[in-house]
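Chemist: Start from chain A and add chain B according to the hints.
Those protein sequences? They're chains A and B, same order as listed.
Read left to right, the first sequence gives residues 1 to 366 (our numbering).
Read left to right, the second sequence gives residues 367 to 1107 (our numbering).
In short, the hints are calculated from the structure, not lab data.
Warning: the hint list may mix true and false statements.
[Unchecked claim] Distance condition first, Cα-Cα at most 27 Å in a straight line; then the derived DSSO-like pairs of lysine-lysine:
| no. | chain 1 | residue 1 | chain 2 | residue 2 |
| --- | --- | --- | --- | --- |
| 1 | A | LYS3 | B | LYS695 |
| 2 | B | LYS708 | A | LYS3 |
| 3 | A | LYS185 | A | LYS57 |
| 4 | B | LYS487 | B | LYS370 |
| 5 | B | LYS1057 | B | LYS1094 |
| 6 | A | LYS57 | B | LYS708 |
| 7 | B | LYS695 | A | LYS11 |
| 8 | B | LYS744 | A | LYS3 |
| 9 | A | LYS14 | B | LYS695 |
[To be verified] Okay, the calculated beta carbon distance ranges per label pair:
| no. | chain 1 | residue 1 | chain 2 | residue 2 | range |
| --- | --- | --- | --- | --- | --- |
| 10 | A | ASN213 | B | GLY756 | 27 to 37 Å |
| 11 | A | SER260 | B | PRO552 | 35 to 45 Å |
| 12 | A | GLN183 | B | GLY656 | 31 to 41 Å |
| 13 | A | VAL115 | B | ASN698 | 32 to 42 Å |
The beta-carbon is built from N, C-alpha and C at its ideal position, and this holds for glycine as well.
Residues per chain, in single letters:
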Amino acid sequence: MTKVNPEFGRKLQKFGARTSYECFNCGNCTAVCPLSTNEAQFPRRFMRFVQLGLEDKIKRSLEPWLCYYCGDCQQTCPRQANPGEVMMSLRRYLTSVYDWTGLSRKLYTSMGWKVISVGVLFFLTLLVVYLFHGPIVTERVELETFAPAHIVHPVGYAFGAVLSFFLLSNVYRMYRFILGDMQGKIPASAYIRELVTLVLHFATQIRLRLCANKSRWLKHWLLMTGYFVAFMLVNVDIVSRWSLTNEPPAWWHPAKLLWSYASIAMLYVTTEAIIGRLRKKEPLHQYSHSTDWMFLILLWFTVATGLLVRIFMELHWPLPTYYTFALHLAFTVPLLGLEVPFTKWSHLAYRPFAMYFMRLKESASS
Amino acid sequence: MAKKVGAYICTGCGIGEALNAEALAKVATKEQKLEICKTHPFLCGAEGRELIRQDVQAGVDGVVIAACSPRVNTDVFAFGDGVVVERVNLREQVIWSHPANDEDTQMMAEDYLRMGIVKAKQAEIPEPYRVEDLARAVLVVGGGLAGLTAAGAAARAGYRVVLVEKEATLGGWVATRFRQVADRPPYTDLEPVDIARRVREVEENPNVTVYKGARVAKISGAPGMFEVSIARNGEAVTERVGAVVLATGAVPYDASRLEHLGFGRYANVVTGDTLEEMAAKGKIVRPSDGREARSVGFVLCAGSRDPEHLPYCSAICCVESLKQALYVKEQNPQAAVYVFYKDMRSPGQYEFLYQRAQREGVLFFRGNIAGIEEDENKALTVQVDDVLVGDRVVAEGIDLLVLATGMVSTAARGEMMVVGAEEEEEKKSGVSLVRPDIYFRSDLLNLEYRQGPELPSLKYGFPDSHFICFPYETRRTGIYAAGAVRAPMDLPSCVKDGLGAALKAIQCIELTARGASVHPRALDTSYAEFRMEQCTQCKRCTVECPFGAINEDEKANPLYNPTRCRRCATCLGACPQRIISFKNYSITMIGSMVKAIEVPEEDEEKPRILVFACENDAYPALDLAGINRQQLSPWIRVIPLRCLGSLNLIWIADALSKGIDGILMLGCRHGEDYQCHFVKGSELANYRLSKIAETLTRLALESDRVRMEQVSITDYDRLPRLIEDFAKRLEEIGPNPYKGF
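Just chain A, with the same shape it has in the complex (with noise of 0.2 Å):
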């Protein structure tokens, strides 16, 4: 038994749901959708749900995140009430109800909340760049003398602790509302064996190739390769110190080719989505909510600086080199402090342990 609430619409509307009414609930597009099986049936359902507000249903469900948005479902809606799209704002009012900070539910439903925490947060970097900057030399580049290693490094680990400790305790949050219920009758050993579905699907999306457009998880994949390596290589330059150096390896060294690729994935396919949001030919890039541009441009800037930085550093242009890193960084802070704990960039854990939770809820009731 579940309560009705006539405001939920409404509600979700700032989220993005602007069609939800529409639906006459034909099931159209659970019939069409690739994705959509016996146990888990979307969006026909869900769009059910929006419309009576049934909010408790949502929070439990894990659905929301099986879907991975091809739009077959829209484009079959005699109503042209977007079940895609409804889906998608479920998403991002699911990653608000997950984070118990709050701070989430703000920066969807709120433009002054995305400007300002943006820009105080570009800013404070840049003021610390500014502040704590080593010194300056102009003969020839010297990145780690401007930064130095020993600063930015510890710094770098604490802010990934920080969002770590965030976004793993929104994801306990979910698996509190997914599996509550059920906490007891999940066998000890299921939790260990599907780990493997959850690297699986974490590494792969392969759900994503089961969408009838196989070139969107190709892009996919290697938006998610490229920030990937990116983030190892970040990781291990503590180590191989390849990057933050006075001295940068030559061309060929792995760790180079490996960033450059990261660069150019990151770039190419971000670039391709800001294209698809501008040109909206495809479902999936129609509707754009404010976050999802948020995120983009914050990305496509953050990959852009990044490559200055390494071209300047070719050239031997020290000053240019130095501001476009500060740069870089200001563009790398409210990306990652943002989007990974709070919005778009979260469903990096969600959507792999929906996965792992469907299997853990599989098991409890086999």
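Modeler: Then chain B, alone, in the frame of chain A:
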């Protein structure tokens, strides 16, 4: 009786190649002794027609056309009022459904020609029945939307209209509405009801006499001569009219019987009518405290589609509730509006209204209501098992719950009368072969008809005759039902109904003026004649007439009203004394057709099956079988009947005593969803068949020799099998022992 009959054999369309035309002509000239028998290769062409026309001018008054089906070329083979035309169907039912140049096919063609000639010889030219001082006025009962439309349309067409309305003002149910849904793009607007304009048009029309605060106390007579007694303010006025339109509408279902939905138990549960009143007054409030209703629920199908209450869909409650939901949203866009429905029936353009309601945030719940409770603030909580959620959902804090009560036809009120057509002793047995007719003493028409004072109802008390084939028709000729009295319907449908019924009424008056029948035997000028000296007052005709055309006089003799008659000849079939006949359709005519069939000796092993086929569906189905080149049994001989209800058992006796092996009766579907064009004909034929079984057994004949099958016009592909099965059964039984007697 035709004095001079000529036979004309067409050899076109392949008839000449498949049959021996000379042998056929010999049947006409040698055997039937016709002086004139002509063969032509293209009889329906100008030359062929001219050939016949010249003979007609020379005195031929009975023309037997042995060519194509009587269902085609009717205009070509028409030679004026004084000439009997009989068609022998050699094309569709002989050469197209039987092998060419075959002995049996030739025998069949010759039999059909014999049958056609004897029929033509016996047929007489009908003389139209003319009403003296024909009344051309139209009586419209009920001054609501349908009635006003009918009155306006008939008056504009130049007919005087008598409009009787029981209320003091015209306008009916529509006038009680606050808004109506606009019937033009974008189909989402709510606009003021436009009934006042229609009322003014009718009241200002000099052709219309309006009786307000009046009722019809009595109607006697028949189409073209109805005497109507109208009671108003204690005095009686008499009007003479030609036809009647019944447009008394419907009333809402009694909400006091909906206690399970909270009506009468909770102060804030009301009906849609109450909401309309509130909206018209300007504010939708909670009846318990007069506070504005900020949360309103609508329960659709309140008592409708519910076997405990009204088993049918009332057609408009969904759309009315959508409209009322928008009243609430127009009053306060933030109001929570819930609609609890079984199926949303917003057909056609109403879909846009549904969409608008959804878009404005009205929440829809599909499923059964599991419970309605009142809280301490007199607000209501509704629990519903929503099938689209798959769970029970709860809507709380509803200030006002509106029940969308269904429609009850005004003709379905009053004491119910069940009138059966079966004989008394059979009624006691409890097995009913003929469904009894249901009448309600609804005090709408007060007809002086033997069968009942009001219109017989089709289903659920709605006085329709057939849903699809004959809209507006009722089972009383000249009385047409329009609007919600005959079926639940919305406003545009009521307007269409009003127009349709007015046209039907006018058609009836004009056809009656010409002495002709109305639909479905439109233009037929024959009518029943009774040889009263042989009547035994058995009442079969008065009881069985599906249209109540036969009253009784004070001596209990049948009193026939020709203008009420639809010419189905069910009375002819019913009469055990065989005293009823039509000029061109009688016991002896059909009987002599049966006798004209040549029955070969038993050792020839050529059985004969007589097929009595209803000419509305079964006969065209046989034609269609031919058109589709379905091969039929060579033993059949088909005789078309006006309706299977006109089948008199004497024909079966004639056939069997002649040695015909079996009789197949092909009629329309009867029973619940009947297809019979005369409502009860095939059902009555089935009833009569049940009585012949005993007679057959007494004659030492197997009752299986007579079989009745229900076919529709689209069943032509079933016919070969159906006939073959019967032929096989007859083979098992063996030949008729009366052969050769």
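Chemist: Of all the hints numbered above, which does this structure not satisfy? Sort the numbers upward.
Modeler: As far as the earlier hints go, 11 and 12 are violated by this structure, in ascending order.
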